[in-house]
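Undergrad: One-letter residues, chain by chain:
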Amino acid sequence: MAERALFFILAIVAIVSAGGVVFSRNPVRSALLLVLNFFTLALIYFMLSAQFIGALQVIVYAGAIMVLFLFVIMLLNLGSPEAVMQERDLKRPLAYLIGFGILATLVGQAFVLLLPMTPQPPSEAGTAKVIGQALFTQWAYPVLLMGVLLTVGVIGSILLARRRVS
Amino acid sequence: MEAAPLNAYLVLSAFLFTMGAIGVVVKRNPIVMFMCIELMLNAANLAFVAFARYQTDLLAQVSGHIFVLFVFGIAAAEVAIGLGIIVVIFRLRESIDVDEVSLLRG
Numbered sequence: 001m002a003e004r005a006l007f008f009i010l011a012i013v014a015i016v017s018a019g020g021v022v023f024s025r026n027p028v029r030s031a032l033l034l035v036l037n038f039f040t041l042a043l044i045y046f047m048l049s050a051q052f053i054g055a056l057q058v059i060v061y062a063g064a065i066m067v068l069f070l071f072v073i074m075l076l077n078l079g080s081p082e083a084v085m086q087e088r089d090l091k092r093p094l095a096y097l098i099g100f101g102i103l104a105t106l107v108g109q110a111f112v113l114l115l116p117m118t119p120q121p122p123s124e125a126g127t128a129k130v131i132g133q134a135l136f137t138q139w140a141y142p143v144l145l146m147g148v149l150l151t152v153g154v155i156g157s158i159l160l161a162r163r164r165v166s
Numbered sequence: 001m002e003a004a005p006l007n008a009y010l011v012l013s014a015f016l017f018t019m020g021a022i023g024v025v026v027k028r029n030p031i032v033m034f035m036c037i038e039l040m041l042n043a044a045n046l047a048f049v050a051f052a053r054y055q056t057d058l059l060a061q062v063s064g065h066i067f068v069l070f071v072f073g074i075a076a077a078e079v080a081i082g083l084g085i086i087v088v089i090f091r092l093r094e095s096i097d098v099d100e101v102s103l104l105r106g
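Residue numbers (our numbering), protein chains in the order written: chain F, 1 to 166; chain B, 1 to 106.
If we strip away everything but chain F, and leave its shape as in the complex, we get (with noise of 0.2 Å):
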C-alpha cells in the first residue's frame, strides 16, 4: 500500500513538472522543472527495481543533458522570457486538440494490453552486472553502431561550431 501511495505522488510530481516545462514561460525555469521531472522518473525506476537504469537517467541527463541545455541558454542570453516570444496563440487550439487525440488513443491502448497485471517478482534483471552481460555478447553490434552514432554526433556538432576561415 505504501508503494502505490509513494507512485501516485511521484507521478503526480512528474505530470505537474512535465506541465510546467511546457507551461512556464522562462527557458532556465522550463529547465530546471525538467531537472525535477528526470529525478523523479529515476526514482520510479528505481521502484521498478530497474537500479542501473535509475542511475543511469540521473547521470546522463540530470548530469550531462541538463548541462548542455543549461550551457546553451546561458550562453545565448536567452533567459529572460523577453528574449523569444513564446506561444503562438493561432495553433494552440490544433495542438489540444492533437494532444487529446494522442492521449486518448495511448490511455486507450493501455488498457487492452494482453500481459499478466501482476509483476514480477523482483529479479536481477536491472543489476549492471547483467545488464553488461548482455550488453557485450548478445547486444554487442548495436552498441557498436551506437558507438558510430555519437562519434558522428561529436564529429557534426565539431564542425557545425567551427568557424568559418575564409
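The set of hints was computed from the structure by calculation and includes no laboratory data. Glycine is no exception: its CB is placed at the ideal position from the N, C-alpha and C atoms. Just to be clear, a hint being listed does not mean it is correct.
Said to hold, decoys possible - Facing chain B, a subset of chain F residues (Cβ under 8 Å, in silico):
(1) Leu34
(2) Ile44
(3) Ala55
(4) Leu56
(5) Phe69
(6) Leu76
(7) Arg92
(8) Gly99
(9) Ile102
(10) Ala125
(11) Val130
(12) Ala134
(13) Trp139
(14) Pro142
What the hints assert, rightly or not - A few chain F residues that face chain B, going by a derived Cβ cut-off under 10 Å, partial list only:
(15) Phe8
(16) Ala11
(17) Ala18
(18) Ser24
(19) Gln109
(20) Leu150
(21) Leu159
Since the structure of chain F is provided, determine the placement of chain B on it from the hints.
TA: Chain B in isolation, oriented as in the chain F frame:
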C-alpha cells in the same frame, strides 16, 4: 511488495508523452522544444521499463532495459547536434525564433 499495476505506469507515460507533444507544437523557442522532445523520449523509456518489469523471462527483462540505454544514446546525440545547430542559427541571425527560420520551406 505490492507494486502499482502496469496500467498506472502506462497512463503516466501517456500523460508525459502528451505534454511533450503539446509543447513541441505550442512552443516557439527551439531549446524548449528540445526539452519537450526529451520529455517524450522519457515517456517511452518509462513504458519500456514498466513492460520489462512485467515480463517473466529474464532475457526479455534485460532487453527492455537495454533499449532504454539505446534511447539514452539517441537523446545524447540528438541534443549535441541540435544545440549546435541552434548556436549556429543564433550566430547567423541573432534570433532563434523557429517561425523566422524557414529556409527549407518548399
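Undergrad: Name the hints, by number, that the structure is in violation of.
TA: Hint check: 3 fails alone, others pass.
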